[in-house]
Amino acid sequence: MSTDNILVGTAQEPALTPGATSTPPRRWWRRGSLRLRIGLGIVAFFVLMAVVGPFFVGDPNAFHAAILQGPSARFPLGTTNTGQDVFAQLVYGSRGTLEVGFLAAAVATLISILIGIGGGYLGGRTDDALSLLSNVVLVIPALPLIILVSAYLHSKSLLPLIAVIAFTSWAASARVLRAQTLSVRQRDYVLAARASGEKSWRIVLVEILPNELPIVTAQFLFGVIFAILTAAGLAFLGLGNINSITWGSMLYYAQNDEALTVGAWWWFVPPGLCIAILGAGLALANFGLDEVSNPRLRVVSRRRAR
Amino acid sequence: MWYGLRKLGFYVVAAWAAVTLNFLLPRLIPGNPVQVLLAREQGQGPVSPQEAHSLALLLGLGHGNLITQYFQYLGQILRGHFGLSITYFPTPVTTVIAHALPWTLTLVGVSTVLGAVLGVALGTFAGWKRSAWVDGLIPSTTFLTAIPYFWLALVLLYAFGSLIHLFPLNGAYSATLQPAFTGPFIASALYHSVLPAATIVISSVGAWLLGMRNMMVSTLAEDYVVAAEAKGLPKRRVMWGYAARNAVLPSVAGFAISLGFIVSGSIVMEVVFSYPGIGYTLLQAVQNDDYPLMQGIFLIISLAVLGANLLVDMLYGFIDPRTRAAR
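Those sequence lines, one after another, are chains A and B.
Here the first sequence is numbered in the numbering used here, starting from 1 and rising by one per residue.
Here the second sequence is numbered in the numbering used here, starting from 1 and rising by one per residue.
Hints in this document: simulated from the structure, not taken from any laboratory.
Note that the Cβ used here is the ideal one computed from N, Cα and C, for glycine as well.
Misleading hints may appear alongside valid ones.
Stated by the list, open to error - Capping the alpha-carbon separation at 20 Å, the derived lysine to aspartate or glutamate pairs in EDC-like fashion look like this: (1) B/Lys7 to B/Asp320; (2) B/Lys7 to A/Glu99; (3) B/Lys7 to A/Asp128; (4) B/Lys235 to B/Asp223; (5) B/Lys235 to B/Glu222; (6) A/Lys156 to A/Glu212; (7) A/Lys156 to B/Asp289; (8) B/Lys129 to B/Glu229; (9) B/Lys129 to B/Asp223.
Claimed, not checked - Partial pick of chain A residues on the chain B-facing surface, computed with a CB cut under 8 Å: (10) Arg35; (11) Gly123; (12) Val136; (13) Val139; (14) Pro144; (15) Leu148; (16) Val149; (17) Tyr152; (18) Ala172; (19) Leu229; (20) Phe236; (21) Gly238; (22) Leu239; (23) Leu260; (24) Val269.
Chain B with its partners taken away, still in its complex shape (with noise of 0.2 Å):
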């Protein structure tokens, strides 16, 4: 419970600290050019006044001191006012943001998922089973955790889509057909989105399986592994129930960085594809000047990984319970 309270203590003063950073950054850099932001959305149509506040906040141009400026932006960012998009004006920064966020949501969460739960099981199998062509291989998986995830994007979709006409090209599903939850549908976005998903496990798997790999080799000299075998433990038993199981928690430790890297990779890899998430939706904000929606952007992701984040340090508080137990 104390673990579990203080785990989510943290994550509310790192949300506080992006919330912040966020409404300071276009106050800290200088001469920023969003002071013409504002006259060119008024131009282009109706702002409604309490949109209009919101963009001047987050844009800092409110009125007042930074202090009040502050609270009034805490206040608009609770309420869930981001200000209106210049790229889709005058459709609010929310309404973008809820129409990318699923497809993003459902491909790095599934993939990311995929990827760990695989490169896991081989870790667990290398560390395991350990030959001399085994051991040969691993220092392949190296490559893979430095390939740029938008350039295998680039060669897969050569690869798969072009060379062979396997794969669709861009999209996240077929022109033709409207988003529902219909058959056709799901199974065109599932169509879609096999390219980009082995794009984030390819890329993902090799880190999780040399970090499980060399936890294993690590795990598999205590003594506690060695007593089961001498009981005459059955071998998966001992592979799945003695040494995985702990070797496995520093993997779900380091998920943080790992999952850093995961979405970082995939915002970018989304423009390759032309897949219509938030990574794809940045871009078309960065190429249009468009601070509100960049910025509304960046807060999501932020919330999006702190939350995920947490899920995974209660998960590690019950799978390990030391740190339950740690004051």
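Next up, chain A with everything else stripped away, as it sits in the complex (with noise of 0.2 Å):
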């Protein structure tokens, strides 16, 4: 659905009806670059944490003597069932988890952008071969699929679980930068750029893909999320790179080892809390980017509403 505001987004420009504001209209300009704002903001916590964090946390891996204990001063979040501190383990956990999630988001960007924007471009044949193979890959559900694979391979590192959460990704921004290429390949300087004999690569990297940036930005930041609830799930299933430290095998682990059942929240809650927290920024940074190129979406008193 979010893909839909996108395409709102930049198909449809600002119809202005007349008194359809009440309040400055600067009002909510500044709105939503302060939704954008607070969303970068959250994503670039997240990023410091998983960059600097881990030099000023002990070791996450370290055994202390007390165990199970609640957050303290010692351990802002307390430990695990073999006294390891929670708070190391989450910032450390920033790291992996972050790491599968721009990754996978990157490759599977990259695969979009191959077949969305190729397909559109070339049109005829090789667009609806390949319109029908991002469509085929789209209704196949991805976990199933991602937990088989992983089963198969046995594998507990981070190549293969990258690969095969981007492989299996790809499909919805694909859609999207396809439905994009064919109407911008109609405009004006493409006919014109093709008129005057570029090649086809340049047109598509110097023409169309720039001007589709914001949609390849904005796919990427959903990859992200997509990748890193993927990532968490899988290794909640015992499956994927659950021998490091991610916000995902932090859960494994607490689950695994009944932290529930002791009543140990401070164990299970804050590697969930960080992924929705990073899900949203991520999400807000989204919408704050897609207000600023569709206005009628922050446009907020309308002449009926009450």
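Put the two chains together into one complex, using the hints given.
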């Protein structure tokens, strides 16, 4: 559904109805960018946490004498059943989690550019085949397939995980990019470039791609959320890279070591909360960008509004 | 008619792709551990020649070249032979799935529809009555959409199962009851499904709400809505009959993506509740290296999702006549 917002944002020009606003528009412009700023702020916070955080916390694997302790001054988020510092794990976990999220989303975005813009620009049989491929990949549920592949691979390392997530999650953005390319390639400047004899790859890279960068960015941000959620779900089932510390593997060990039964909420609440907050940050940044390009979404009080 | 046939054709192709992927996976992934498997199964007890054959084909141990293997595999699938489960040896995979499927279908089906209806209705109102505080609430729905299903399940279970003993901690029905269509059993099943269903509804409602709200905002600026208002039609009629009716189309069209999310989330969520559905069975399969069961489950989930999408696409053709006209 989020993809639809993006389409709306680019396909329709703002039509200002007379008397549509009772408040000065500037306020809503500010609000839109506020949303963007909050979103980017959240993402920046977690990126910072992943990059420099590990230098400031103790060893996440070290065993302390304090077992299953609640939050205290020494352990801000308590300890696990083996006396490991949950806060240190959370900070280290952000690194592993973001790694998977950003890398998998980057690969998926690359594939979607190749297939979406390529197919949309080339048209004809190639487009038919590529868009059939995207639609098929889109309707086959991703996670069961990822689980199956991961179980066969029996791999606990990072690269296969990233590859599997990327190869199952490019389809939705490829479809959005294709739709946009179909409209862009009919525009005058593309026709002019073609008439002047520019090479296809140059038209795609220099004329079309820069024009679709907002969509590519939006799809990338959603790709990060998807990859993080998928990797976490996979880790929770004991698949993927559960030997390294990620928010997903923390939840796996919390579940398997009965954190719920013993009431150790400090163990299983923070990792999931971090995923949700980071995801909300990414989505907010996305909607902020969207609002900047589609003013209609931020005009608040309409004539008919009560 | 043409529209329907084309959609049907697409889903046949998609189903074929899923079945073929299922055939190719064990053969494509290097160093797979399935060679050991057949030996292990035969060591556990008698395997009927029929099922042994299915298993061999499914796991890439068949004889002959790839093409003959492929057609033999298709034949076995069409006849419903998916091999024997290792976890529940010597129960056929189809029997294991048949026991788990109704739970998941009911739970995920009902909660998905509930979440969608609730989200679309709330989104319609949020788009219609735009006020500062409603608009201020909208960003918080992004938080809901980014919550991992299984984590929300953990939190709900902790809050309503452990802290205040309002709902049961696991299972789909009371252990003292036998599955049957009796009053007490259905009541128990409903009682056990409250938290799992709440998990799905809470995590899926945000996406519907947001999509619907944004489309409402765009639709309300259309000329035909303004015209309807100018004619003096009742507000309710303009909201539902003119604006919402058109604004809902992208949400319906985007159902495939949403359903994929929901099904994926629910699979992992079942593990938290030990809900005896497909997801929980899949975990058993993963933990026991039960490849036949995993492949069977992948196939069944794929086919179920494809079926649901076909249904929604048909519905879409019905509510949006333009798709039927388009060639």
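Open item on the list: Holds or violated: the hint that A/Leu239 contacts chain B, with Cβ atoms closer than 8 Å.
Closed with: Since the shortest Cβ distance to chain B is 7 Å, the answer is holds.
Open item on the list: Would the hint linking B/Lys235 and B/Asp223 be met if the CA-CA limit is 20 Å?
Closed with: 16 Å, holds
Open item on the list: Can you verify the interface hint for A/Phe236: is its Cβ closer than 8 Å to any Cβ in chain B?
Closed with: Since chain B brings a Cβ to about 5 Å from A/Phe236, closer than 8 Å, the hint holds.
Task: Minimum beta-carbon distance criterion (8 Å), A/Pro144 to chain B - done: 5 Å, holds
Task: chain B contact restraint for A/Arg35 - C-beta distance below 8 Å - done: For A/Arg35, the interface hint holds, since the closest Cβ of chain B sits about 6 Å away, which is under 8 Å.
TODO: Assess, step by step, whether the Cα of B/Lys7 is no farther than 20 Å from the Cα of A/Glu99, and give holds or violated.
DONE: 39 Å, violated
Open item on the list: Between the alpha carbons of A/Lys156 and A/Glu212, is the straight-line distance 20 Å or under?
Closed with: 36 Å, violated
- [ ] Could you check if A/Gly238 really has its C-beta closer than 8 Å to a C-beta on chain B?
- [x] 7 Å, holds
- [ ] Measure nothing beyond the straight line between the CA atoms of B/Lys129 and B/Asp223; if it is 20 Å or shorter, mark the hint as holding.
- [x] Holds, because 19 Å separates the two Cα atoms, which is no more than 20 Å.
TODO: Could you check if A/Leu260 really has its C-beta closer than 8 Å to a C-beta on chain B?
DONE: Constraint on A/Leu260 satisfied, holds at 6 Å.
Task: 20 Å Cα cutoff - pair B/Lys7, B/Asp320 - done: 14 Å, holds
TODO: Would you check whether A/Val136 satisfies its interface hint, that is, whether its CB is within less than 8 Å of any CB in chain B?
DONE: 5 Å, holds
When held up to the earlier numbered hints, the structure conflicts with 2, 6 and 11 and fits the remainder.
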